[in-house]
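Peer 1: Given chain A's structure and the hints, the job is docking chain B onto it.
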Amino acid sequence: MPPAIIRVENLVKQFGKHVVIDNCSLHIHQGSVFGLVGLNGAGKTTLIRLLLGLLKPEAGAVSVLGHVPWEHDETLYQRCGVVLENDGFSGNLDVKDNLKIFAAAKELAWKNVEAYVREFWAGTFIHGEMFGPSKKVKYFSRGQRMQCSLCRAFLGWPEVYLFDEPTVALDVEAYDHFCFMCRVARSRNSAMIISSHQLSAIEELCDLVAVLDNKKLCLLDDGSEAKEGGPWTIVMKNGPGLKEIIERVSCSVASYSEGAWHVMLQAPLTMVPEIIARLVQAGCGILEVRPEKQDLKCKIRTHYEKT
Amino acid sequence: MKKLNAIIFKEWANFTGSERGVFAVYGVLVISWSFLPLYKGLGGTGIEDIWWLFFSVVISGNFSNTVFVSERLSGSMEILLTSGFSRDAVLFGKSVFIACMSICIGAMCLGLSRLWLTLSGDHRGFDDAVLSGAVLYCAGTCMNVAIAAWMSVRLQSPRLIPIVTILMMTIVVAGFSGLLYFVAVPQWSLPVILLSMASVFFLFARKEFNGERIIQPVHL
Chain A
1 MPPAIIRVEN LVKQFGKHVV IDNCSLHIHQ GSVFGLVGLN GAGKTTLIRL
51 LLGLLKPEAG AVSVLGHVPW EHDETLYQRC GVVLENDGFS GNLDVKDNLK
101 IFAAAKELAW KNVEAYVREF WAGTFIHGEM FGPSKKVKYF SRGQRMQCSL
151 CRAFLGWPEV YLFDEPTVAL DVEAYDHFCF MCRVARSRNS AMIISSHQLS
201 AIEELCDLVA VLDNKKLCLL DDGSEAKEGG PWTIVMKNGP GLKEIIERVS
251 CSVASYSEGA WHVMLQAPLT MVPEIIARLV QAGCGILEVR PEKQDLKCKI
301 RTHYEKT
Chain B
1 MKKLNAIIFK EWANFTGSER GVFAVYGVLV ISWSFLPLYK GLGGTGIEDI
51 WWLFFSVVIS GNFSNTVFVS ERLSGSMEIL LTSGFSRDAV LFGKSVFIAC
101 MSICIGAMCL GLSRLWLTLS GDHRGFDDAV LSGAVLYCAG TCMNVAIAAW
151 MSVRLQSPRL IPIVTILMMT IVVAGFSGLL YFVAVPQWSL PVILLSMASV
201 FFLFARKEFN GERIIQPVHL
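In the order they appear, the protein sequences are chains A and B. Each residue of the first sequence is one higher than the last, beginning at 1 in the numbering used here. Each residue of the second sequence is one higher than the last, beginning at 1 in the numbering used here.
For reference, chain B alone in the conformation it holds in the complex:
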């Protein structure tokens, strides 16, 4: 657990030490995305607040690039793996950091979107729809992180990670939407599907982290 914390601290300190421009980009992203919930009724598919899932792809994709990919690009992963950290601590420490940061940014975005609604005279506050959107976002984030962890080792060209992540997310959402059209599936089953897939992708990522490929050079 201590080592997991050390990895999380490393990533946190590295993030907070970034150039100011990085924070500005995240700020703009959060503010602009927080206006999307003002447009209600993406329905038709029956899935409310589906935009959360794609926001999670954008945010976790950004963090995955700095946390997983840059380490492999610079070649510093092999030092991390031979310094006394277990490979699981490295994988899960990085994953937990990305998930936490994505969820924090999601929460900020959610808070702002509610603020805009309140300012526009809609006083619903944090109702069930918000809660389901938040759960969906968290589950989506977990799947994105797991895919990024796996693909950061698997792919020779890590710039494809966001594309693969969005592809996977699209397949899941499209499949679920199709299923909803024909069968009455409870809405909570989508987060469950996402979390189950995250577990499977984490198993793949774990296998890759224990293999030789983790130290192979990658190029953008």
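The shape of chain A in the complex, shown without the other chains:
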């Protein structure tokens, strides 16, 4: 397993007497995308601020890329891409001048910034603003400002990304582009934390999801669910009398749609090849076997029902 580049051990944060985070631990490894969900006021933004050293923990340890964030080492921030509630752009400047400032902060050569925008933001309005007539950021819509924030966050391809509600106000194209950028960053072995109420984004991008509830972090989905206990969907060719055979062999109810039989199998990974072999022996033509993930919304609901 790659090394954990974000480490949180027994973290406690309180504001006055009000405890917001109590004894939380978290390890995030290179190349993994961690989703953080929770009710309003649960402490997601506080956790991100603690990871950024904007807040000082009362107890416990935080380490990001081997740095203690509260020590405010600027070299740590040069290796982080951040999206927070406010975009931090100077309204009287255009995108180009704003990016110049943040490129200077990360000690990036301007030609590299231009190359980055040309390569990764072609076709977006940011490309047009950079290389064509531009207007002041204060005249941008909220979604456009968010795109600018994302463009800045991915600037220089940092090793760690901390995103607080990165998809707010994004249109469909911008959202898809954000997902694309996240995948590129992930392929570069970066670690990412995404805090969002947009569960589709979390589901699409994250391989580890936790809910911050009652001051604690509870892991919802570590990607092992499908590997361990399913469910699995097996899609089979149609044929005479196959429904009964499928149901008998798989011990599950088969449904017919789009010209094929579908069966949802709740079985451990070790059992799946054996069941498939039995189905094939019984004359079923297997078209597809895929793990089915439980809807994140359902998992969160289940979590809250339990607690």
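Heads up, a few of these hints could be off.
Heads up, simulated DSBU-like pairs for lysine-lysine below, C-alpha to C-alpha not over 35 angstroms straight-line [unchecked claim]:
1) A:306 <-> A:215
2) B:2 <-> A:297
3) B:207 <-> A:17
4) A:299 <-> A:215
5) A:136 <-> A:111
6) B:2 <-> A:96
7) A:56 <-> A:237
8) B:2 <-> A:111
9) B:2 <-> A:216
10) A:216 <-> B:207
11) A:243 <-> A:299
12) B:2 <-> A:138
13) B:207 <-> A:56
14) A:138 <-> B:207
15) A:243 <-> A:56
16) B:2 <-> A:215
17) A:56 <-> A:299
18) A:299 <-> B:207
19) A:56 <-> A:216
20) A:216 <-> A:297
21) A:111 <-> A:135
22) A:215 <-> A:17
23) A:100 <-> B:2
24) A:136 <-> B:2
25) A:96 <-> A:56
26) A:136 <-> B:207
27) A:299 <-> A:216
28) B:207 <-> A:100
29) A:243 <-> A:215
30) A:306 <-> A:56
31) A:237 <-> A:306
32) A:138 <-> A:96
Note that these hints are calculated values from the structure, not bench results.
Peer 2: Only chain B this time, still in chain A's reference frame:
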């Protein structure tokens, strides 16, 4: 140093991109204030050209509002602090910008006031009195900027910054005037006192910039 320059550039670009009305206000301020030196003899206190100090409060107070306060009001400070700039670069970059702008405006005001004097037949030019006034203005500006930097984080209501700044300046000037009344203190000691206080306030500001309070929301 590069990062300090980037912060200064950011503030400069933000200022030059302001609405035209902002420049008009500064223009009116400079022109109207430039007539004050025509009234000589504020003496009695023994401090010549004391009006410079209060002009520095007005000018640096205006810049502090846009540079320190608006950033905290909008919440954009936390992005600036997590983008790769050191906290010292943010604090001192902003402070240097305010000080430079205040000094430039002071110089413009000074130049205009000399022009009015010349036009009125007084050909003293830039004599020692002008120089001492300019030094006083620069020292006063440094103290105002340091107080504004500190108070922009310390105060929950940043609209009080100009009041606190003018209060501090009044205390210093009144104290110095009182001292002059009883003891023969050299006049150059006032700028030295102002600069020493500026250093102390910068230390306080630095401490606040490295604390949690810097990201706490503020309201006007």
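Peer 1: Checked against the structure, which of the hints given earlier come out wrong?
Peer 2: Failing hints, ascending: 2, 7, 9, 15, 16, 18, 29 and 31.
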